[in-house]
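Undergrad: Produce the entire structure from the sequences given, and follow the hints as far as they go.
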Amino acid sequence: MSVPTAAVSEAIAPNGWSWALLRGFREGQTDALGEVYRRHADEVTKQLRYGFAFQAAGRHHRFVGCRSAFELHDALHETFRRAFEPPARERYDGLRPYGPYLRAIARNVVLRGFRAREVQFPEIREDGEAVTSAIEVVDEGSQTPEQHVGRAQVRAVVKRFLDTLAAPDRRLLELRFVEGQSQRDAAETLGLGRQQIRGREAKLREQLLRYLRRQGEEGLVAVGLALPLPLLGAPLFELLGEVLR
Amino acid sequence: MMRSLREARVDRWIERELGEGLAPRRRARLHEVLRRDPRARARYDRAVEALRVLEGDVDVAPSELEVVGRWLAADREATAPTAVLDHARRWWPALLAGLTAALALLWIGSLTGGRALQPWSDDGWQARGPGRADGLALEALCGSETLEGAAPILRPRDCGLSDLMGLAYRVPADREGQLTVFGVDAQGDAMFYLPTPAEATGAAVEAGHWRALPLAVRLSVNHAAGPLRIYGLVAPSVATVDEVRSFAEQLAPLRSAEPGDPPWTARVEPRSLRRLCPEPSSCDAAELRLTLRPKARP
Chain A
1 MSVPTAAVSE
11 AIAPNGWSWA
21 LLRGFREGQT
31 DALGEVYRRH
41 ADEVTKQLRY
51 GFAFQAAGRH
61 HRFVGCRSAF
71 ELHDALHETF
81 RRAFEPPARE
91 RYDGLRPYGP
101 YLRAIARNVV
111 LRGFRAREVQ
121 FPEIREDGEA
131 VTSAIEVVDE
141 GSQTPEQHVG
151 RAQVRAVVKR
161 FLDTLAAPDR
171 RLLELRFVEG
181 QSQRDAAETL
191 GLGRQQIRGR
201 EAKLREQLLR
211 YLRRQGEEGL
221 VAVGLALPLP
231 LLGAPLFELL
241 GEVLR
Chain B
1 MMRSLREARV
11 DRWIERELGE
21 GLAPRRRARL
31 HEVLRRDPRA
41 RARYDRAVEA
51 LRVLEGDVDV
61 APSELEVVGR
71 WLAADREATA
81 PTAVLDHARR
91 WWPALLAGLT
101 AALALLWIGS
111 LTGGRALQPW
121 SDDGWQARGP
131 GRADGLALEA
141 LCGSETLEGA
151 APILRPRDCG
161 LSDLMGLAYR
171 VPADREGQLT
181 VFGVDAQGDA
191 MFYLPTPAEA
201 TGAAVEAGHW
211 RALPLAVRLS
221 VNHAAGPLRI
231 YGLVAPSVAT
241 VDEVRSFAEQ
251 LAPLRSAEPG
261 DPPWTARVEP
271 RSLRRLCPEP
281 SSCDAAELRL
291 TLRPKARP
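Chains as they are written, first to last, in the working numbering: chain A, 1 to 245; chain B, 1 to 298.
Since the hints were made in silico from the structure, they are not lab data.
Incorrect hints may appear among the rest.
Here are some of the chain A residues that sit facing chain B, going by a computed Cβ distance under 7 Å [to be verified]:
# : residue
1 : A41
2 : R81
3 : V158
4 : R160
5 : L190
6 : G193
7 : Q195
8 : A202
Beta carbons are placed, not taken as given, at the ideal position from N, Cα and C, and that holds for glycine.
TA: What follows is the structure in structure tokens.
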């Protein structure tokens with residue numbers, strides 16, 4: 001019993017990765033960076049999407065999360081781009097879990113916008129001195145009411161789209177996204193090649209998007225996205241909503 | 001309200017970016033538009049929301065993470081060439097030199113009638129159709145990935161998964177058009193050569209003698225050991241990625257062509273060729289078959 005345990009502990013780095021992954025990551029190997037992205041993209045995306053609270057100079061603030069998917073993708077990209085730069089990879093010691101390290105970078109991506117606003121509009125105390133900010137952060141994690149409303153609207157359109165599909169396409173979507181099978185497993189179940197599964201999925205996605213465009217769901221924009229739209233044109237930092245103490 | 005042509009173009013870019021992905025230059029233009037145009041961004045957001053519902057009604061769709069993954073991969077390619085790209089760049093001039101040398105041999109051979117100089121024979125089994133010995137002809141030449149130097153030795157149709165493959169074509173003197181080339185592997189999967197999901201361009205054909213295509217295929221990527229069929233089409237325009245996928249799906253279950261068989265364009269649904277080849281005379285097709293050897297064990 002003790003032999004396998006020892007073997008496992010030797011194969012795993014302190015941060016939970018394999019040593020090969022950690023080494024590849026430090027060397028900037030493409031496969032290793034891709035693997036690290038796949039492992040951690042989801043948690044960083046959720047943090048950027050649902051926001052977090054933070055304290056600066058004694059005042060409480062809340063980043064309400066990226067309302068726009070494009071801004072979310074942009075912030076996610078910027079987070080990993082910074083995390084994968086050689087100095088950031090070298091700074092990571094491989095001892096602590098990588099998730100919190102990444103989330104700190106994501107918060108910095110957001111807070112850079114906040115700090116830029118502070119430089120432009122500094123808060124001035126009664127004695128005329130600018131208030132300096134020490135930032136404390138608390139993560140949050142749920143959808144806003146308008147995100148719920150927008151999702152319900154889109155759900156109706158997607159349901160209509162699914163009704164137009166042939167049975168084999170619906171079966172593929174069911175295997176992949178309801179039963180959660182990998183592309184490889186779905187390929188085996190359906191007796192197809194993995195590339196064919198990938199190709200059919202991409203085709204279905206493009207079909208859905210064309211359907212969405214043809215439907216011309218202006219109502220969706222009006223109901224689901226009207227609330228964030230005025231904010232979408234503004235830089236990310238304008239999404240920072242200040243809450244009362 | 002009628003959508004402007006510009007909006008329609010941006011919508012097509014959005015659909016492709018969230019599907020197969022755009023080429024880096026076009027992606028940069030799309031991002032520029034999305035950053036400054038709230039309406040375009042709202043349409044992008046709505047498309048992503050639909051994908052989240054499609055992919056299991058999730059908070060974050062796997063496909064949107066793939067989108068950002070592609071942006072990161074493009075960053076790495078642009079700023080710090082990976083070993084693979086670096087290798088391909090080093091290798092490409094050598095491949096081109098080798099192809100040119102092989103093609104020159106063939107051309108001289110055909111001028112002098114000396115068959116001994118001909119590095120391969122393409123008569124009969126290109127499946128261009130009975131009585132069409134002068135249509136499109138394709139050839140695949142492979143060389144070891146590890147070979148370095150000015151002109152590596154290229155072997156016609158002798159390819160393994162450790163090789164890089166170059167392609168050459170020949171069309172009759174009066175033929176003009178765009179060349180589409182794709183493959184179908186042993187599993188029936190489509191292999192994109194010209195165009196690819198990332199680059200929707202073909203190659204304008206130059207008539208006369210054999211020409212090398214500006215293409216180096218790393219067979220260790222996405223290819224499986226076993227039979228590989230390569231199909232070529234010269235048409236007034238290049239095929240779309242969807243058309244290539246449709247051709248590959250139709251051809252995969254069919255047996256390989258034998259000498260005297262009709263061209264592959266006569267073996268797929270006529271409607272799938274309606275856009276590319278409105279008249280049978282507007283297209284030329286060719287097919288070749290090779291067997292990819294597995295990687296040699298070290």
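Undergrad: Take the hints in turn and mark each one as holding or not.
TA: Taking the hints in turn, this is what the structure says about them:
At about 5 Å, the closest approach between the beta carbon of A41 of chain A and any beta carbon in chain B falls short of 7 Å, and the interface hint on this residue holds. About 6 Å separates the beta-carbon of R81 of chain A from the nearest beta-carbon of chain B, less than 7 Å, and the hint is met. Annotation: V158 of chain A was flagged as interfacial toward chain B, and the flag holds, the nearest CB pair being 4 Å apart, inside 7 Å. At about 11 Å, the closest approach between the beta carbon of R160 of chain A and any beta carbon in chain B exceeds 7 Å, and the interface hint on this residue is violated.
Checking L190 of chain A against chain B by beta carbon gives a least distance of about 12 Å; that is not within 7 Å, so the hint is violated. Checking G193 of chain A against chain B: minimum C-beta separation of about 4 Å stays under 7 Å; hint holds. At a threshold of 7 Å, the smallest CB-CB gap from Q195 of chain A to chain B is about 3 Å, leaving the interface hint in force. Annotation: interface hint on A202 of chain A holds; nearest CB of chain B at approximately 5 Å, less than 7 Å.
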